[in-house]
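Chemist: Given chain A, work out where chain B should sit, using these hints.
Chain residues, written in single-letter form:
Protein chains: 2
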Amino acid sequence: MKKNIIVGQSGGPTAVINGSLYGVVSEGLKHMEETGHVYGMVNGIEGFLHDHCMDIGSLEATNELELVRTTPGAYLGSCRYKLPEDLGDSVYPELFKKFDDKNIGYFFYIGGNDSMDTVSKLSRYADKIGSDIRFIGVPKTIDNDLVETDHTPGYGSAAKYVATVVREIATDATVYDNKQSVTIVEVMGRHAGWLTAASILARKFEGDNPVLIYLPEVAFNQDEFIEKVKEGLESTPNLVVCISEGINDGKGTFICEYASDVGVDNFGHKMLTGSGKYLENLVKEKIGVKVRSIELNVCQRCSCAHLSRVDLDEAVNAGIYAVQAALDGETGKMITFIRNKSVPYELSYSTADVNIICNKEKPVPAEWIINDGSDISNAFIDYARPLTQGYVELPTKNGIPLFAYRK
Amino acid sequence: MKKNIIVGQSGGPTAVINGSLYGVVSEGLKHMEETGHVYGMVNGIEGFLHDHCMDIGSLEATNELELVRTTPGAYLGSCRYKLPEDLGDSVYPELFKKFDDKNIGYFFYIGGNDSMDTVSKLSRYADKIGSDIRFIGVPKTIDNDLVETDHTPGYGSAAKYVATVVREIATDATVYDNKQSVTIVEVMGRHAGWLTAASILARKFEGDNPVLIYLPEVAFNQDEFIEKVKEGLESTPNLVVCISEGINDGKGTFICEYASDVGVDNFGHKMLTGSGKYLENLVKEKIGVKVRSIELNVCQRCSCAHLSRVDLDEAVNAGIYAVQAALDGETGKMITFIRNKSVPYELSYSTADVNIICNKEKPVPAEWIINDGSDISNAFIDYARPLTQGYVELPTKNGIPLFAYRK
Numbered sequence: 001m002k003k004n005i006i007v008g009q010s011g012g013p014t015a016v017i018n019g020s021l022y023g024v025v026s027e028g029l030k031h032m033e034e035t036g037h038v039y040g041m042v043n044g045i046e047g048f049l050h051d052h053c054m055d056i057g058s059l060e061a062t063n064e065l066e067l068v069r070t071t072p073g074a075y076l077g078s079c080r081y082k083l084p085e086d087l088g089d090s091v092y093p094e095l096f097k098k099f100d101d102k103n104i105g106y107f108f109y110i111g112g113n114d115s116m117d118t119v120s121k122l123s124r125y126a127d128k129i130g131s132d133i134r135f136i137g138v139p140k141t142i143d144n145d146l147v148e149t150d151h152t153p154g155y156g157s158a159a160k161y162v163a164t165v166v167r168e169i170a171t172d173a174t175v176y177d178n179k180q181s182v183t184i185v186e187v188m189g190r191h192a193g194w195l196t197a198a199s200i201l202a203r204k205f206e207g208d209n210p211v212l213i214y215l216p217e218v219a220f221n222q223d224e225f226i227e228k229v230k231e232g233l234e235s236t237p238n239l240v241v242c243i244s245e246g247i248n249d250g251k252g253t254f255i256c257e258y259a260s261d262v263g264v265d266n267f268g269h270k271m272l273t274g275s276g277k278y279l280e281n282l283v284k285e286k287i288g289v290k291v292r293s294i295e296l297n298v299c300q301r302c303s304c305a306h307l308s309r310v311d312l313d314e315a316v317n318a319g320i321y322a323v324q325a326a327l328d329g330e331t332g333k334m335i336t337f338i339r340n341k342s343v344p345y346e347l348s349y350s351t352a353d354v355n356i357i358c359n360k361e362k363p364v365p366a367e368w369i370i371n372d373g374s375d376i377s378n379a380f381i382d383y384a385r386p387l388t389q390g391y392v393e394l395p396t397k398n399g400i401p402l403f404a405y406r407k
Numbered sequence: 408m409k410k411n412i413i414v415g416q417s418g419g420p421t422a423v424i425n426g427s428l429y430g431v432v433s434e435g436l437k438h439m440e441e442t443g444h445v446y447g448m449v450n451g452i453e454g455f456l457h458d459h460c461m462d463i464g465s466l467e468a469t470n471e472l473e474l475v476r477t478t479p480g481a482y483l484g485s486c487r488y489k490l491p492e493d494l495g496d497s498v499y500p501e502l503f504k505k506f507d508d509k510n511i512g513y514f515f516y517i518g519g520n521d522s523m524d525t526v527s528k529l530s531r532y533a534d535k536i537g538s539d540i541r542f543i544g545v546p547k548t549i550d551n552d553l554v555e556t557d558h559t560p561g562y563g564s565a566a567k568y569v570a571t572v573v574r575e576i577a578t579d580a581t582v583y584d585n586k587q588s589v590t591i592v593e594v595m596g597r598h599a600g601w602l603t604a605a606s607i608l609a610r611k612f613e614g615d616n617p618v619l620i621y622l623p624e625v626a627f628n629q630d631e632f633i634e635k636v637k638e639g640l641e642s643t644p645n646l647v648v649c650i651s652e653g654i655n656d657g658k659g660t661f662i663c664e665y666a667s668d669v670g671v672d673n674f675g676h677k678m679l680t681g682s683g684k685y686l687e688n689l690v691k692e693k694i695g696v697k698v699r700s701i702e703l704n705v706c707q708r709c710s711c712a713h714l715s716r717v718d719l720d721e722a723v724n725a726g727i728y729a730v731q732a733a734l735d736g737e738t739g740k741m742i743t744f745i746r747n748k749s750v751p752y753e754l755s756y757s758t759a760d761v762n763i764i765c766n767k768e769k770p771v772p773a774e775w776i777i778n779d780g781s782d783i784s785n786a787f788i789d790y791a792r793p794l795t796q797g798y799v800e801l802p803t804k805n806g807i808p809l810f811a812y813r814k
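In the order they appear, the protein sequences are chains A and B.
Numbering-wise (the working numbering), the first sequence opens with residue 1 and increments by one.
Numbering-wise (the working numbering), the second sequence opens with residue 408 and increments by one.
Only chain A is shown next, with the shape it has when bound in the complex (with noise of 0.2 Å):
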């Protein structure tokens, strides 16, 4: 008997997810001889719990799943929702009698490492209860911070993103290079330094912006990031600086906490400062040149002007071989890439158990940290390039990109 799928997406949203999106449903339609309709959760589980679905199948007969594929953001809409530890809770045969109420056979949820924590119970339940339905994950995150994998989509674009936006930003801090100034740049990555680290692709030649790269994984002093600092300004006059939101002085509080007694405003909410904005005090204060701090927004994760081609093929294809591998029988499984080779970059796509991937995260290998963690090695960069080349021509209406969205 024909089986239906049913797909959805969950946690912060990158610029490909759709892609992967794309993949699932596209894939899906292909196998009508064994599924049924492609259904999509809106807002994830927490939105199919309240019986939010689309046939988001039927988009294939018009031109929206094409335009899916290169819009940002996460189409179906996302949601932060954690299933209870307990397999014993109620919601868990709700869920299975709505899965049944829809005929679905194949599960897929595009996410990080909390959606795969949904996944894994999900299958956990089902082998519980002997029910067949196959349970698949699909990795994102910008944060690439998933083990068993060599990466994950959405890292590629937000890297080059990164890259980019650090060129530009150095370029512009440079026009008034008669003048001493620094300019700190503070990237996404609470816990993990991956994007912040692919700020050194922006570098044009040995030495140049940014001079100073700080990732969460090491311990950061401020007493010798002033020296670094000192020092950098005397080869680079108009110094960039790249930092983790995350950084942290290694005893477990984060640097944007030492700017708490920063007072409360006039509502009396406590004013809150991010790590860069800290340290653009701090230098102020310590070494007094001009200086700017910059928090890259949301962009970072949702900028399509920046999307990476090998991101984003990479990311159709996890939602095409997870179709095919929950059609395989595998369950409970996420789709996981191995690099075969660098030079010429060479992936190919596997699965791995979503039980040890879940609520876990792969730090930047200590290694890769290097001159007392102010910088990167060109491991890193052998690492990274690849995930961030090439462009996408993406479909423009009245001269800026046209997105998909949910009517």
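Everything labelled a hint here was simulated from the structure, so no lab data went into it.
For each residue, glycine too, the CB sits at the ideal point set by N, CA and C.
One should not assume that every hint holds.
As the list claims (entries may be wrong) - The following residues of chain A were derived to be distant from chain B, with all beta-carbon distances above 10 Å:
no.: 1; residue: E60
no.: 2; residue: T62
no.: 3; residue: A74
no.: 4; residue: P84
no.: 5; residue: D89
no.: 6; residue: F96
no.: 7; residue: V147
no.: 8; residue: V175
no.: 9; residue: E234
no.: 10; residue: D249
no.: 11; residue: V289
no.: 12; residue: D313
no.: 13; residue: D375
no.: 14; residue: A379
Stated by the list, open to error - In silico lysine to aspartate or glutamate, EDC-like type, Cα no more than 16 Å apart, as pairs:
no.: 15; chain 1: A; residue 1: K286; chain 2: A; residue 2: E227
no.: 16; chain 1: B; residue 1: K505; chain 2: B; residue 2: D458
no.: 17; chain 1: A; residue 1: K407; chain 2: B; residue 2: D584
no.: 18; chain 1: B; residue 1: K814; chain 2: A; residue 2: E206
no.: 19; chain 1: B; residue 1: K637; chain 2: B; residue 2: E692
no.: 20; chain 1: B; residue 1: K804; chain 2: A; residue 2: D382
no.: 21; chain 1: B; residue 1: K611; chain 2: A; residue 2: E64
no.: 22; chain 1: B; residue 1: K410; chain 2: B; residue 2: D508
no.: 23; chain 1: A; residue 1: K98; chain 2: A; residue 2: D132
no.: 24; chain 1: A; residue 1: K407; chain 2: B; residue 2: D615
no.: 25; chain 1: A; residue 1: K397; chain 2: B; residue 2: D789
no.: 26; chain 1: A; residue 1: K2; chain 2: A; residue 2: D328
no.: 27; chain 1: A; residue 1: K407; chain 2: B; residue 2: E692
no.: 28; chain 1: A; residue 1: K204; chain 2: B; residue 2: E471
no.: 29; chain 1: B; residue 1: K814; chain 2: B; residue 2: E471
no.: 30; chain 1: A; residue 1: K97; chain 2: A; residue 2: E64
no.: 31; chain 1: B; residue 1: K814; chain 2: A; residue 2: D208
no.: 32; chain 1: B; residue 1: K814; chain 2: A; residue 2: D382
Modeler: Frame of chain A, contents of chain B only:
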């Protein structure tokens, strides 16, 4: 006798200021029968005073000049140097002595209204002493606030950046569309709202985000703003609001200054808060929904990924036209744009007296600001859209854009 050309850049960078530099240099080199060298002032008139010059014409022999065309920032470096009001000051004979030493006959200065002040003063001094050096200004500003011209080079690309990025931010903001939220985007523009107005181009349909748009041209009332946000949330649960950094109460106080009592940081520095951050706290206090503010950073003025083909072409043409005007005997002029029609878009180039341009600002017309100052009219769309058309293919290397820089 052959006379040399000198060209400089001044004020804040744009994505296409180097396009105008390319125009001046390439056109200058085409008229070698009348001109000799094409020099570049490094860091504008301030650098020239310290004899910082380069033979920028020599770049043509390499691929470098072509690369300059699409490089953001200011290849020659910039300055914010104001010449003395008193034409009797000793800096004037000093400068003209340096012009003579380099056999300068044609002086081009690419910049905004402050830079036009430099062109005005130098041309008036030349007139006073009977010098035949010709001084021509080439307009440049993302603010689009120069008078006597339909628009300015740099605006179209910045507007395209704002439109694209606000559309991306709106897409990102709506992934959790089952929860209410407000996203406030702060756009550059201290006195004129042209760039913030361009956020209207981000709307995918009537009533789409950004639902509210506030410019500095209209007095900002905080109570009315809160009412508009409440109203907006009813139809658009994930509301995006765009504001100019310079929104003010109409009585001379910037909205960000209302947050001036937020206290000092650890170092005793007054915490600077932007208007977006202030409104974030206001919405949190008065409405209590999830709210985030995003300050678009310097990429507004230096993003190469959002270059408008129309803008870049016009920037180059402005440089070319400047050289032709100078060779035709004009001086004390700025190149201006005259729009013949919007559909299809058709532009002519002309010149205007630089003395009536410098130190003036052109606001967004009052009739284009509607709904009690919370929205922009379609007439603005007709004005702005042609300026944002087309993309520019960038030279890239290793997956990111290649930029020219002085070695």
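Chemist: Decide, hint by hint, whether the structure agrees.
Modeler: Hints, verified against the model:
1. The Cβ of E60/A lies farther than 10 Å from every Cβ of chain B, with a closest approach of about 21 Å, so its non-interface assignment holds.
2. Non-interface status of T62/A relative to chain B is upheld: no Cβ of that chain comes within 10 Å, the nearest being about 16 Å off.
3. The non-interface label for A74/A is inconsistent with chain B: the shortest C-beta to C-beta separation is roughly 4 Å, within 10 Å.
4. Consistency note on P84/A: stated as away from chain B, and its beta-carbon is indeed over 10 Å from all of that chain's, at 20 Å minimum.
5. For D89/A, the shortest C-beta to C-beta distance to chain B comes to about 21 Å, beyond the 10 Å cut-off, and the non-interface label holds.
6. At roughly 22 Å from the closest C-beta of chain B, the C-beta of F96/A stays outside 10 Å, upholding its exclusion from the interface.
7. Every CB of chain B is more than 10 Å from the CB of V147/A (nearest about 25 Å), matching its label as outside the interface.
8. Taking the minimum C-beta to C-beta distance to chain B, about 4 Å, the non-interface status of V175/A is violated against the 10 Å cut.
9. For E234/A, the requirement that its beta carbon stay farther than 10 Å from each beta carbon of chain B is met, with the minimum near 19 Å.
10. For D249/A, the shortest C-beta to C-beta distance to chain B comes to about 15 Å, beyond the 10 Å cut-off, and the non-interface label holds.
11. No Cβ of chain B comes within 10 Å of the Cβ of V289/A; the nearest lies about 14 Å off, and the non-interface call holds.
12. With a closest Cβ-Cβ approach of about 14 Å to chain B, D313/A is found to remain outside the 10 Å limit, as its non-interface label requires.
13. Separation of D375/A from chain B is adequate, the least Cβ-Cβ distance of about 18 Å exceeding the 10 Å criterion.
14. No Cβ of chain B comes within 10 Å of the Cβ of A379/A; the nearest lies about 16 Å off, and the non-interface call holds.
15. A C-alpha spacing of about 10 Å is found between K286/A and E227/A, which places the hinted pair at or below 16 Å, so the restraint holds.
16. Proximity of K505/B to D458/B is assessed by CA-CA distance (about 8 Å); at most 16 Å being required, the pair is judged to hold.
17. Taking the CA atoms of K407/A and D584/B, the gap is near 13 Å; set against the 16 Å cutoff, the hint holds.
18. Between K814/B and E206/A the CA atoms are separated by roughly 13 Å; this keeps the pair inside 16 Å, and the hint holds.
19. For the proposed pair K637/B and E692/B, the alpha carbon gap of about 13 Å is at most 16 Å, so the pair holds.
20. Restraint check for K804/B and D382/A: the C-alpha separation of about 14 Å stays at or below 16 Å, so the hint holds.
21. Restraint check for K611/B and E64/A: the C-alpha separation of about 14 Å stays at or below 16 Å, so the hint holds.
22. Of the pairs offered as hints, the one joining K410/B and D508/B holds, with about 11 Å between alpha carbons and a cut-off of 16 Å not exceeded.
23. The straight-line distance between the Cα atoms of K98/A and D132/A is roughly 15 Å, inside the 16 Å bound, and the hint therefore holds.
24. Taken as a hint, the K407/A and D615/B pair is honoured in the structure, with Cα atoms around 12 Å apart against an allowance of 16 Å.
25. A distance of roughly 15 Å separates the Cα atoms of K397/A and D789/B; the hinted pair therefore holds under the 16 Å criterion.
26. Between K2/A and D328/A, the direct Cα distance comes to roughly 15 Å. Compliance with the 16 Å bound is thereby established for this hinted pair.
27. Simply put, K407/A and E692/B have alpha-carbon atoms about 32 Å apart, too far for the 16 Å limit, and the pair is violated.
28. For the given pair, K204/A sits about 14 Å from E471/B by alpha-carbon distance, which is consistent with the 16 Å threshold.
29. Of the pairs offered as hints, the one joining K814/B and E471/B holds, with about 11 Å between alpha carbons and a cut-off of 16 Å not exceeded.
30. Of the supplied pair hints, the one linking K97/A and E64/A is violated, its CA atoms being roughly 31 Å apart against a limit of 16 Å.
31. Using a Cα cut-off of 16 Å, the hinted pair K814/B and D208/A holds, with the two alpha carbons roughly 12 Å apart.
32. Straight-line distance between C-alpha atoms of K814/B and D382/A comes to about 26 Å, which puts the hinted pair past the 16 Å bound.
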